[in-house]
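Protein chains: 2
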Amino acid sequence: MAEHSPASARTTVRRGAPRAVYERDRIRDVLDAGIVAHVGVQTDDGPIVLPMAYGVRGSGGDAELLLHGALANALLRAGRGLDVCATVTIVDGLVVARSPFHNSMNHRSVVVRGIASAVEGDAERLDALRIINDHVAAIWDTARPPSASELRRTLVLSVPLAEASSKVRDGDPVDDDSDLDGPHWAGVVPLVASWGEPMAASDLRAGASLPDAVAGLAGTDAHRR
Amino acid sequence: MAEHSPASARTTVRRGAPRAVYERDRIRDVLDAGIVAHVGVQTDDGPIVLPMAYGVRGSGGDAELLLHGALANALLRAGRGLDVCATVTIVDGLVVARSPFHNSMNHRSVVVRGIASAVEGDAERLDALRIINDHVAAIWDTARPPSASELRRTLVLSVPLAEASSKVRDGDPVDDDSDLDGPHWAGVVPLVASWGEPMAASDLRAGASLPDAVAGLAGTDAHRR
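Each protein sequence line maps, in turn, to chains A and B. First residue of the first sequence? That's 684 in the numbering used here, and the numbers climb one at a time after it. First residue of the second sequence? That's 684 in the numbering used here, and the numbers climb one at a time after it.
Treat the hints with care, since some could be wrong.
[What the hints assert, rightly or not] According to the in silico footprint, chain B covers these stretches of chain A (three or more CB under 8 angstroms from chain B):
1) 715-725
2) 801-809
3) 820-827
4) 869-883
5) 899-908
[Unchecked claim] Computed beta-carbon distance windows for the label pairs:
6) A:Asp805 - B:Val857: 21 to 29 angstroms
7) A:Asp817 - B:Ser877: 22 to 30 angstroms
8) B:Arg888 - A:Ala896: 46 to 54 angstroms
Read the hints as simulated data drawn from the structure, not as lab findings. Beta carbons are placed, not taken as given, at the ideal position from N, Cα and C, and that holds for glycine.
Taking the hints into account, I'd like the entire structure generated from these sequences.
Shown next, in the form of structure tokens:
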């Protein structure tokens with residue numbers, strides 16, 4: 684993954700460069716705090732972007748973004764390589780400026796570009812699925828292990844985190860000096876996503892106990908600020 | 684926008700078809716409840732997906748998705764038409780199944796595909812910017828109106844809502860019958876995004892009063908369930 688400079692010209696954040704950060708830890712923090720990735724691929728009839736569950740495996744130069752979801756199949760259908768862009772965005776607040784020109788949203792985002800490849804081998808795929816399923820909460824170990832047939836039917840994609848960039852926008856609006864003495868309000872309205880109380884399935888049998896990892900989500904900030 | 688059938692073959696939701704809905708109202712409801720769109724475009728060096736602020740203008744067959752953000756420029760640089768995919772996703776909960784194979788997320792999403800064009804003309808662009816700025820809350824009228832130069836420097840894209848599809852996943856996990864009597868827990872952990880109390884900018888002058896539209900956000904569900 685990129686160290687203190689862009690990993691490649693194409694992952695350089697061209698706008699808002701002062702806010703752009705390339706440090707490995709920051710990129711990992713945003714990926715850890717996100718819930719879904721929006722994955723884009725070019726198909727025969729134009730680009731398509733779909734939300735996918737994800738996880739991160741490994742660290743440093745070997746780190747990879749693991750993707751699971753409907754798009755995996757669309758990707759393989761596209762048939763012109765698996766060049767993807769996976770973007771994770773967390774909106775932290777609405778930035779209300781004195782001039783609409785400076786309105787914005789506080790956010791954390793990571794853009795990963797690279798060639799997606801299918802994770803091969805039962806053991807590799809099992810490990811990848813565990814990481815994806817445990818991304819939000821560690822629910823893998825308390826579930827019924829996947830069957831061989833479930834594993835066969837599950838497609839997991841891996842994208843190297845070699846080309847990743849992160850952008851963070853935080854704090855107050857930045858208005859023009861000429862507007863500071865004007866009558867217009869300026870500030871930020873924070874946005875917080877919180878997990879609620881777990882709701883048991885209507886067909887849950889008596890005796891099936893709530894896993895600690897699920898119970899522990901209740902009331903927590905879903906984006907780990 | 685699509686009525687009761689897919690607007691085009693390529694916007695047919697190929698997986699999870701039972702959950703796919705094409706009704707115009709449902710698509711509009713999801714777009715109204717979302718905050719950012721993830722917009723994908725094919726560039727000379729592969730697909731790129733970036734978050735953008737958006738709004739919806741018009742209704743029926745004339746409805747259009749209005750986009751504003753960094754990608755607008757990237758789009759125009761791409762130079763191979765402005766074929767885009769704009770996807771809005773709201774995650775409503777974590778679906779914990781007995782088998783990880785059936786783990787999922789409750790969500791509402793809309794996928795819009797089409798040719799993006801720049802909104803031309805000051806009056807048209809002013810109207811488009813008002814709609815985008817007012818998407819989360821009606822903050823346009825209480826701000827300083829944009830100057831001619833701000834307006835000139837602002838690029839707004841319009842994508843017709845003719846090719847849009849919506850997908851909603853809600854409710855309990857759907858496990859295999861053979862798992863229902865097992866010992867594993869199943870249920871949903873709701874995710875709720877709420878606006879917090881507005882925080883005035885540190886450089887806010889005395890006498891600048893908090894607009895009602897901003898004050899009204901505090902404590903509300905950001906995704907309008």
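Outcome of the hint check:
Closer than 8 angstroms: that is the beta-carbon criterion, and the region 715-725 of chain A has 7 residues meeting it against chain B, so the requirement of 3 holds. Beta-carbon proximity to chain B at under 8 angstroms applies to 0 residues in the region 801-809 of chain A; the threshold of 3 is not reached and the given coverage is violated. Under a criterion of three residues with beta carbons nearer than 8 angstroms to beta carbons of chain B, the stated coverage of the region 820-827 of chain A is upheld, 6 such residues being counted. Restraint check on the region 869-883 of chain A versus chain B: 15 residues with Cβ-Cβ distances below 8 angstroms, three needed, restraint holds.
Under a criterion of three residues with beta carbons nearer than 8 angstroms to beta carbons of chain B, the stated coverage of the region 899-908 of chain A is upheld, 3 such residues being counted. Evaluation of the 21 to 29 angstroms hint for A:Asp805 and B:Val857 yields a pass: the beta carbon distance comes to about 24 angstroms. Checked against the hint of 22 to 30 angstroms, the C-beta distance between A:Asp817 and B:Ser877 comes to roughly 26 angstroms, which is consistent with it. Between B:Arg888 and A:Ala896 the beta carbon distance is about 48 angstroms. The supplied range of 46 to 54 angstroms therefore holds.
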